[in-house]
Amino acid sequence: VSATTDVIVVGSGPTGVSCCWPLLHAGLRVLLIDPGGPIDAVPADRPGLADVRAGHPGKSTFLLGGDLRALRTSKYPSPKLRIAARPGFVSDYVDALRISTNGFVLAGTLAPGGLSNVWGSVASVYDDADLAGTPLRFADLRASYRAVAQRIGISGTKDDDMGPFHGDIPLQPPIPNGALAADLLARYRQRGTGRTAMKLGLSRNAVLSLPIDGRKACERDGFCMWGCRRGAIYNSAHEINSLSAFASFTYQPGCLVERIETTGDGYRLEGRNPATGKGVAHAATRVVLAAGTVASTRLVLPLLARLGERRRLLNNPAYTFAVLFPGGLGRAAVASQFAMAQLSYILRIGAGDSYTTGVLYPADCLSPVDIAGEMPTTLRGGVLLARSLAPAMLIGLGYFDGALSDNRIVVDAGMGDLRVHIDGGWASSLSDALAETRGKLRRFFLRLGGVLLPGSLNALAPGGDSHYAGTLAMGDLLTRDCEVAARPGVYVVDGAAFNRLPAKHCTLTLMANADRVGGRIATAAGRASPVNRP
Amino acid sequence: LPSGAGPRAIAERWWQSIAAMQGPTLYIRRMRYLLTGANGYIGSRLVTRLLERGADVAVLGAAPGLASRVSVFPWRLGDEVSAQAFDPGRPRAEACAVIHLAHDWNAAEGREPNHAGTARLLTAARSHGVRRFVFVSSLSARADALNRYGRIKHAVERLLRPPDEVAAQVGLVYGGPPRGMYGTMVRLTGVAPLLPMVDAHQLVQPIHIDEVCSGLIGLASGSELRRPIYRLAAAKPITFASFLKELANRQHGRKLAIVPIPRQLALWLADLSSRLPGVPTIDRERVLGLAGIRPRPTSADLRDLQLKVGPLEAASGELAPGLIAEGFALLRYCAGTRVRSATVRLYVRCLRRLGEDRPLALSWWALAVPGAIRLLDAMHAKDSPLRRRLVIAARIAEAGCEPADRFYMVRPRPTSLTIAHLLSEGLVEGCLMCLRGIRRFGGR
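Line by line, the protein sequences give chains A and B. Per my numbering, residue 1 is the first one in the first sequence, and the count goes up by one each step. Per my numbering, residue 1001 is the first one in the second sequence, and the count goes up by one each step.
No lab work stands behind these hints: they were computed from the structure. The reader is advised that the hints may include incorrect statements.
[As the list claims (entries may be wrong)] Below are the SDA-like pairs computed for lysine to any residue, each with C-alpha atoms no more than 25 Å apart in a straight line:
#  : chain 1 : residue 1 : chain 2 : residue 2
1  : A       : 278       : B       : 1382
2  : A       : 158       : A       : 137
3  : A       : 278       : B       : 1112
4  : A       : 440       : A       : 456
5  : B       : 1382      : A       : 87
6  : B       : 1382      : A       : 455
7  : A       : 59        : B       : 1345
8  : A       : 59        : B       : 1354
9  : A       : 158       : A       : 102
10 : B       : 1382      : A       : 102
All figures in this text were calculated on a predicted structure; none of them were measured in a lab.
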């Protein structure tokens, strides 16, 4: 066991980084490891999307990427995964971890920053109803939510109908919306919701409207889907630099952990450098796994001798749709605006407290070729229609409760190494939920002057939402403090620790929980973590 | 009109004549194609080609980047094979053909997973009554091959029982995405205008990756096979040096000079590099691999398979005009206007870099009247080669130097005009959709 490391944190995604902060504040020596690899740099001299579209020199390189990434076909529904991520972003991960899937779309990456590289950045807080069934209550996470929100910067408002839904955390002022979204919100405030149990308000995003820590504020240049050149959109890879200000922090890329071995006084992580293939090992008494739900599951199940066991893997079944506001037809497209979630909604469906929630994006900043791809038309017809429709259209992305997913994950050994297999599926009640959502959204938008385009509301393939959780779970294989019950000293702080996945976006909660667990580890190590951290 | 010719039959015949104009499409039996090594350079291309032809594809191995329509069975050379893998599981399916591409490069010669693993796969295939087993071997496969790869491939070939277990000895494969050995050669030829090379005068027999795929599909689905081994490679050998020069010309648009170095020196350097720490290792296998190649006759095999293997020079010489003509037509269709030649050059350059270096077989009328491509577009599924090429063309037209108003509403327009425009486009698309409906209905 290393004399220089108290805790090893595996993974530099949002949860790994969030766990490092309280550990470091408590004075523990932390080693953060990840597989390493290139961080996708955005050209700093890139002009705004409007200028590029108008024919700025280098247009094709800015739009297609120097490596033509935007031309490669992708089975991933997110345009961000196609155009912001380099080729190999996901496939290197799937190759390295030897994952096979059946009816499941898996996103994951070896890149520093993990999936936050392509995060849509919607940041909401779970309330007690969302946490029902987990051993946690909102009060357990309150301080951590605040700490994370202050650290990463979240813009939005508490003072509209969606304010209470997104939760009470420190906020930066909201980023101004485009005309279409602003008009819609104004009409909603005038006319109310009518009979549909639906609320509409500003979205809550981990995007800066005020600069923090070397990151600049959003300038609304429309290029969000290609990656932000100012760092306004949160990416946990940015935080590795800030963590390095602690003398007790070490970041060591170049280790993909293959297995965890129990040693006399702790754990030994054995792995390899994916770039060179060379073996790497690290040891410590405490290990925090934040490698992402699938990767952490792949490490913990062998440690517990639970190979071959089919375990539940949760995801949020998701759907997309398009709403047309005929009043906006004929407007010019506005490429200079914030191009990610501008508005958010919650819609009660089914019986009891269940709901679906989602966000609305402006269509102006999307490529008309992408929109045409979703239409049942010829490509030319689709492009022509998309060109006229885009300035008057919002694209919706909604989520259902993870209980409507039905996936299984198995970790198995063969020929000396581990394989992971995932079978994807939906609960049978998903089609009812989709139909109900379709009808209610149609009525809601009609009341506000919008037309839900017929045939446009469709479910993404299982896993297409990139929210994965539930495999190990607090109260199941993990304690309330996310410690592997049979292996004290090993903690899991990513989605694998949650046995429930409400429809609400999970990332901020996973980060807050990682922060909470970091504090608990510090306490267990006899170091009180300061409650009110800067 | 012939008797019994209803509107449905007329529409169907009419559509068939349109389809026929796009060149012959290969008839694929309703069979499951079970692939190993599907993530490799040839394998991934083969999966795409099979899916394009509507085949049922299953894969033994890992599943990165594969289409969701592919069934995946986790497997590695040497593992037991799941019985489900051989079972198409569909009522109309007939049988299963195995195309075995996987090769374990890290194997030592004595206890060797390729031989044992293939034997195991063969046993499983036989017990499940697969119709055809195609083992993908190499032209360098010989009992006395200089490198291990050639000896292993030869040993595995001897496991096969003709006529329905067949080996495909593949030549030097080029084209498509720069991966595998081909990717290495593309990178090497782009480093500098001078390239030191062992055995530069060695004769090689190139073959384009799509020709390999057609050959393998032919072997897997064709009727009776007459030979135990089919060689897939150009009949006329060329020197390795001229192959590399042509590659430099195709891929990097420049001339390449080859500096020959003696084989003994290269082997000595390989030994040295493996001993010195911190120096990139030169693979002895690779050095010897080339040296051991002998030209083989292939024309009879190719004739049997009705496979045309074009010479490399002809391919690169004829490709560009084909791609340029296609670019003008597709870009014009996507942008709705004549496009600048700079955009067409961007199209050709991008396609080459994506490995899509062959033009589609578009008919003369589509090239001459690009607006008519809309009809073809309407008749093709979203994952068809035509549609994929169209999406690329549209993205390039958007990112190229065409006026912005082709793709975005640059300035406001009266609402009524916009609505009229939407309605007229909607009407056209509605008619095209009816046409597609008739085709689908007729085709059933």
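For each hint, the structure was consulted:
1. 278/A <-> 1382/B: Not OK: residue 278/A and residue 1382/B at ~43 Å, beyond 25 Å, violated.
2. 158/A <-> 137/A: Answer holds: residue 158/A to residue 137/A is near 21 Å, not above 25 Å.
3. 278/A <-> 1112/B: 23 Å, holds
4. 440/A <-> 456/A: Holds, at roughly 14 Å.
5. 1382/B <-> 87/A: Between residue 1382/B and residue 87/A the Cα gap is close to 22 Å, so the pair holds against 25 Å.
6. 1382/B <-> 455/A: Since the Cα atoms of residue 1382/B and residue 455/A sit roughly 16 Å apart, the hinted pair holds (cutoff 25 Å).
7. 59/A <-> 1345/B: Since the Cα atoms of residue 59/A and residue 1345/B sit roughly 15 Å apart, the hinted pair holds (cutoff 25 Å).
8. 59/A <-> 1354/B: 19 Å, holds
9. 158/A <-> 102/A: 42 Å, violated
10. 1382/B <-> 102/A: Holds: residue 1382/B and residue 102/A sit about 22 Å apart, inside 25 Å.
The structure fails hints 1 and 9 (numbered hints given earlier, in ascending order).
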